[in-house]
Each structure stands twice: as C-alpha cells, then as structure tokens.
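K.L.:
So the chains spell out like this:
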Amino acid sequence: MQKKVFQLLVDNTSGVLSRISGLFSRRGYNIESITAGVTADPRFTRITIVTSGDDEILEQIEKQLSKLVDIRDIKELKPDESVYRELILVKVRVSNEQRQSIIALTDTFRGKIIDVAPECLTVELTGNQSKIEAFISLLDGYEILELARTGIAGLGRGIENVTFIE
Amino acid sequence: MTGADAIIKCLEAEGVETVFGYPGVAICPFFNSILDSDIKTVLIRTEQNAAHAASGVARITGKPGVCAVTSGPGATNVITGIATAFADSIPLICITGQVNSELLGSDVFQEADITGAVESFVKYSYLIKNVNDIPRVFKEAFHIANTGRKGPVLIDIPIDIQNAQIKQFHYPEEVNLRTYKPTVKGHAVQIKKVIRELEKAKRPIICVGGGVLLAGAQQELRAFSEKYRIPVVSTMMGIGVMPTKHPLYYGMVGNNGKPCANRAMNESDVLIMVGARVADRAVSQPDLITQNKILVHIDVDPAEIGKNAGPTIPLVGDAKHIFQDFAKEEFTCDCEAWIGTLNDYRRELMPKRNPNPAYVDPARFIERLSERMEDNAIYVADVGQNQIWSCGYHIVKQGRFLTSGGMGTMGYSIPAAMGAKTAAPDRQVIAVCGDGSFQMSMMELATMRQHNIPVKIIVLKNNYLGMVREYQHYTYKDNYSVVDLTGSPDLEKLAAAYDMPFRRLENMDQCEEVLDVLLQDNNQSMLVECLIDPMDLVK
Chain A
1 MQKKVFQLLV DNTSGVLSRI SGLFSRRGYN IESITAGVTA DPRFTRITIV
51 TSGDDEILEQ IEKQLSKLVD IRDIKELKPD ESVYRELILV KVRVSNEQRQ
101 SIIALTDTFR GKIIDVAPEC LTVELTGNQS KIEAFISLLD GYEILELART
151 GIAGLGRGIE NVTFIE
Chain B
1001 MTGADAIIKC LEAEGVETVF GYPGVAICPF FNSILDSDIK TVLIRTEQNA
1051 AHAASGVARI TGKPGVCAVT SGPGATNVIT GIATAFADSI PLICITGQVN
1101 SELLGSDVFQ EADITGAVES FVKYSYLIKN VNDIPRVFKE AFHIANTGRK
1151 GPVLIDIPID IQNAQIKQFH YPEEVNLRTY KPTVKGHAVQ IKKVIRELEK
1201 AKRPIICVGG GVLLAGAQQE LRAFSEKYRI PVVSTMMGIG VMPTKHPLYY
1251 GMVGNNGKPC ANRAMNESDV LIMVGARVAD RAVSQPDLIT QNKILVHIDV
1301 DPAEIGKNAG PTIPLVGDAK HIFQDFAKEE FTCDCEAWIG TLNDYRRELM
1351 PKRNPNPAYV DPARFIERLS ERMEDNAIYV ADVGQNQIWS CGYHIVKQGR
1401 FLTSGGMGTM GYSIPAAMGA KTAAPDRQVI AVCGDGSFQM SMMELATMRQ
1451 HNIPVKIIVL KNNYLGMVRE YQHYTYKDNY SVVDLTGSPD LEKLAAAYDM
1501 PFRRLENMDQ CEEVLDVLLQ DNNQSMLVEC LIDPMDLVK
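So the protein sequences, as listed, match chains A and B.
Note that my numbering has the first sequence beginning at 1, numbered continuously upward.
Note that my numbering has the second sequence beginning at 1001, numbered continuously upward.
Derived by calculation from the structure, the hints in this document are not laboratory data.
Heads up, the beta-carbon is just placed ideally off N, CA and C, and yes, glycines get one too.
Treat the hints with care, since some could be wrong.
[To be verified] Only some residues are given here: those of chain A computed to face chain B with a beta carbon under 7 Å:
1. 4
2. 22
3. 64
4. 69
[Stated by the list, open to error] Which bits of chain B does chain A cover? Going by a derived footprint, with three or more residues having C-beta under 8 Å, they are:
5. 1110-1124
6. 1172-1180
7. 1267-1274
Turn these sequences into a full structure, and let the hints guide you.
P.N.:
Okay, here's the thing in structure tokens:
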C-alpha cells in the first residue's frame, strides 16, 4: 500500500463531486481525503484527492478518473515536486495551569489561537501532513474536545506543472 | 417552439428513426411533439425492454438507439436495460421525463433521482434545468454515447422544461467538450512494436471481442488475419467478427468456450487481444495469457488495458483505425506449422454430446437452424443454457450474433430482436431463448403484433431454469432450489392469443419441416417451441 495525491481539474458541473466519490465507493478505492474548490476561472473546480492502494489499484484509479467525462486534467502530485497544505482547527480542554503551555506549543508550530473560553482553547494550524501529525501527537496529554481537518490541498511546484486551459 | 419540440428536432437531426417508449405524465409533452414528426414510436410493454430494443437498433445501425420513458417507476424500470447496454458498451440515448423542476428533491408523485440512480451504469447523464440547453445537451449526448468506448447516456428532463419556450433553436454542428477527447488512433511506435513481435512469432493468435464489432472493424480484421494467416479466436461478444466456418477461426474462448480455442490461446506465443475486457468468463486465469507470451492488448478504453492482465504491449485506440494502420505495414509471418497444430486440435477436441433422441437436441437444432438461415440473418441469443448452446453451435455466415454478454440479462433476446428487426426490416431476425427468459419478456408479443415487428422466436423449453439447474447439479449434488418452472403457460394457446403462428418440435424428426415453415417468410413472426431434455447439460 502506498499513498498518492492526485490533482484534478474538473468542469464545474452539478454532480461532479458525487460522480468522483461514487467512482471510488463502487470500485472499492480508498479516499483518505478530498478537497474541492472553484479555481480562478469559475468554469473549473480543482480537487485534491489523497488515496492509497497498491500500484495496480493506483493505476486503475488514475485511468478510471480520466474516463469521467467532466474531468479536464488529472495529475499526480509527487511529494518532491509539489507543495501540500492542510488546515486543522483543534479545541483543547485546558485548566489555568495548562493554558500557557498550549499557547507556547501553538507558537512553536506557528499556529494561532482563534478562540479562548474559560475551559478551552481553539487552535488553528496549517502545514503539511507530517507537521499536523506532529502537533496532534504533542497534544497527547491533553483532552482534545473537537478536531476538524480540511484534508490537503496541493499544487505542483514551479510553472512546468501548470495546466493551461485554452 | 417548446422544449419538447426542440428534443424532437434534435432526434431528427441525429437521424433517429424509431423511439421505443412508455409514456407517463412527466414525458407527455415529448410524446405529444413526436406526433408531428416522421419518427416512429413503439409502445413497448415494460420499460426495461425499451432499452433492450434500443440496444438492438444500436447494434445493427451502429448509431445510438433511443428510448423514452416517464419519471419515477418508468425511469427506474429502465435501469436494468441501461446496465445491460453499459456492460456491453452499446450506445443508447435514454430520455426520462422528470417532475416539475421546482419540485425536484421534494419526493413528489413519481419522482425518482434517476441521474443519481444510474450513475454507475451510464457513460454520462444530464439533468436539464434550462430549456435553452436542449440542443447542446443532445448534441453532446449523441457524441459521448457513440465515440470512444461507447455506452448509454441518460437525459432527464423535467416536464416544465419540456413545456417551456426555447428562445431560438440551433442544433450545433460540432461538439465542444473541453474535457472529453477519446483516443482513437493508435500510437505509431506501439504499432511498430506489435509488427516486430509478429515477425518473430511462431504461434500468434488474435482474440477478438465485442469492441471489433462496435468499431465496425470486421473487414479490416478479417483482411489482416487472411493476409498474414494469423488464426483468430473470439470472446462471446466477439462472435461474428469472423464467419464461424472461416478456416482461420477456432471458436469462442472461456469456460463455456471451445476447448480448441482455449488451447490455442494458452499455447500462443503472441496473443493480440482486441476490443475485449479479459473478464472472468473469457479468461478465468489471467496468468495463463501473460506467462511465456507477448500479450498485446488493443482497446479504445485505456482503463481496460492492464485492469485484469498486464500486457507486454498496450495499444490504445479504435480497432478500425489500428487495423487500417496495421494493413499499411509490410511484414511476413510464418505460422503454417501452428495452423496445422490448431487444425489438429479442432478435429481432436470436438466436444462430444450424447443427445437424448426422445427430445430435440438443442445443439443440432441450432446448427441446422443457422445453416438454413439467410447469410445476413440476425440471431439473438438470450441468457442461460440457450445462450451457451447458441454460442457453441450457431454458425454465423455474414450476419450478426447478438446477446447480453457482460450483464447476462435474461429476457434480452425478444426486445433486442425487435429492435434489430425495426432497424433492418428486410433481414431475417430470430430470437432464441429458454422458457425462463421467454417468460421475462413474453409481454412483448403484443408489441410485435401491434407494430408489426415480425421477429421469429424459438423457445428451448425444458421446464427449468436450466443454467442454474446445471449449476445446482454440479455444485449442490442435484439439490434443486427454485429452478422448477412448473406453471408456465401453454405456448400454443399463448401464441394463439396473440394471433401468432405456432409450431411445437418434440424431437429431431420434424426438424426440417418446422424449419421450412419458420424460415419461409421474413415478414411473418412465429413461435416455435422445442422440447428439450430437462437434464441436458451445456458441457
């Protein structure tokens, strides 16, 4: 099993997201995360999918996705040639004694405290997945009340990987 | 002009001649507008068969078949027909009426989310929410259905959109799809590689699938096989690419195929699979076709290549283009010794049957029937034992062999034969089914009578769901469960009820005489019941 990140440029039609997620579910492929948002050109949506499987499955995923009529472009975002970011919001229960250490930890990770309440703090943190995982694991001794993750969004590095639309 | 008028204009622009359908309120504007057109309408008796009949049209004309049904249950009934077409890559345009667009999603009377429901069985689907989109959507739909790997496209149209006024009707000449551009021409480098392998080959073979027929590449493929003397086998869907008695054709492969065809495929050193999916029934052990041989896989759908077996040389493209390109190459291929071996296999590995003389021998009957059928006749096999006997013993001359291969949908033969007959009224069209599959579409005898579609129907009657009975014979040691068809109607009386000539064949003695009557008039439908041994096996 290995992980792959695919970047899709799709026609912004109704139902396109369900066509893509439906393809994954009926063929039994994994989706670890999927993010979608309109591009600078409102006719298109960019989707970043993190998926996993063996080589044959990953090849089939790419080919089956390419067959969907709405998909304009599909490419793999290879780790060395791409940047990935994920955003998390995490709400941690804190006592008065714990509050400063969470703030310090958030500073170290260049996160932000975006909500403070008498019994808890909400932290916003952006980064690649290993940074996010590291931060969450450091919260081990605390009670995480709620955690929201966006899944990753990614882009290829440099101008070589840009798909230009006619 | 209303949206419904515009839809009819689109169908006329695409050259559609017949629409199979079943009306309901939500599709009534469409069926009202079609009265002003020369397009023929056929009232099928259940919606599933509308899609099967459209499939018969598509397979004979090479253009998408069209069916139109109402919303809710009309639309959901058509799903099996759509899935059947999807599995065999048959181009269809399925038009479904839908409730008023303002009521969508509120679970009103006869509302079903049909675009959502068919998502996994269509090549694409549309829900039209603006009447002015109709010309573009239809142009795209016909293009998508009939290019690349063909398949069904569904268009769902709310009743208010059918009734709305369209600003200006202009049917686009060209399709402008930013995202859909299938590859039809084969890569030149890959083509050269294939030729180089064939030059070295001692035991080459071509395995043809339904894709060759869908591409209309029969002539190209036959010419290539004949010029270089390369033997050919086929999958079930590829039957008819080569005439059955062609000296270079060795039969159907697979677990229900001919032993000599399987042996030929397994012992080859260069295997060219073309327009075939390498699915489990044709190739039960994909290892056998990749080990110790060069596997060339030609398909218009890149996702089929490598899905079930990893090829040595993948070649994406349409079979017609690729075999036209192959024809431009000059090379020599020496495989006379191999052809000699295969001819020996063909003689030695003939399956032996021990027919019970008290009944009709389905194998011999199908053989005699097809020998006596016209050269360009269309033979439609249903699903079950009748299908396997048909595959094994039907002799294709220059005609067509149609069946539901991928989905194995019982009841396919009669409506598909009706579609084929509608598309080719001068050709002999014969549906061969079992008594189980017959009862799944016997309501269409009324449609045949009403619309004068003279299909000839053969029912191989054994009072069992024979294929399942055979499976229970082998797997459950004759513990039969829910396969007994006792209670079936008297077919003679049934035929009489529909004013249809009828003959019963009880054993092989009267075979020729019944065939005389059956085949004497192409414009006369007929029902022939053949009594076959309930314990007969396909193997």
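K.L.:
Now tell me if each hint is right for this structure.
P.N.:
Comparing the hints with the structure gives:
1. For residue 4/A, the interface hint is violated, the least distance from its beta-carbon to any beta-carbon of chain B being 16 Å, above 7 Å.
2. At a threshold of 7 Å, the smallest CB-CB gap from residue 22/A to chain B is about 5 Å, leaving the interface hint in force.
3. At its closest, the beta carbon of residue 64/A sits 5 Å from a beta carbon of chain B; the interface hint therefore holds under the 7 Å criterion.
4. Hint status for residue 69/A: holds, given a least beta-carbon distance of 5 Å to chain B, under 7 Å.
5. Evaluation of the coverage hint for the region 1110-1124 of chain B: fulfilled, as 6 residues show C-beta separations to chain A shorter than 8 Å, against a requirement of three.
6. Coverage of the region 1172-1180 of chain B by chain A holds [criterion: at least 3 residues with CB-CB distance below 8 Å; count 4].
7. Here's how the region 1267-1274 of chain B fares: 0 of its residues keep a CB closer than 8 Å to some CB of chain A, so the rule of at least three is not met and the hint is violated.
Checked against the numbered hints given earlier, the structure breaks hints 1 and 7 and satisfies all the rest.
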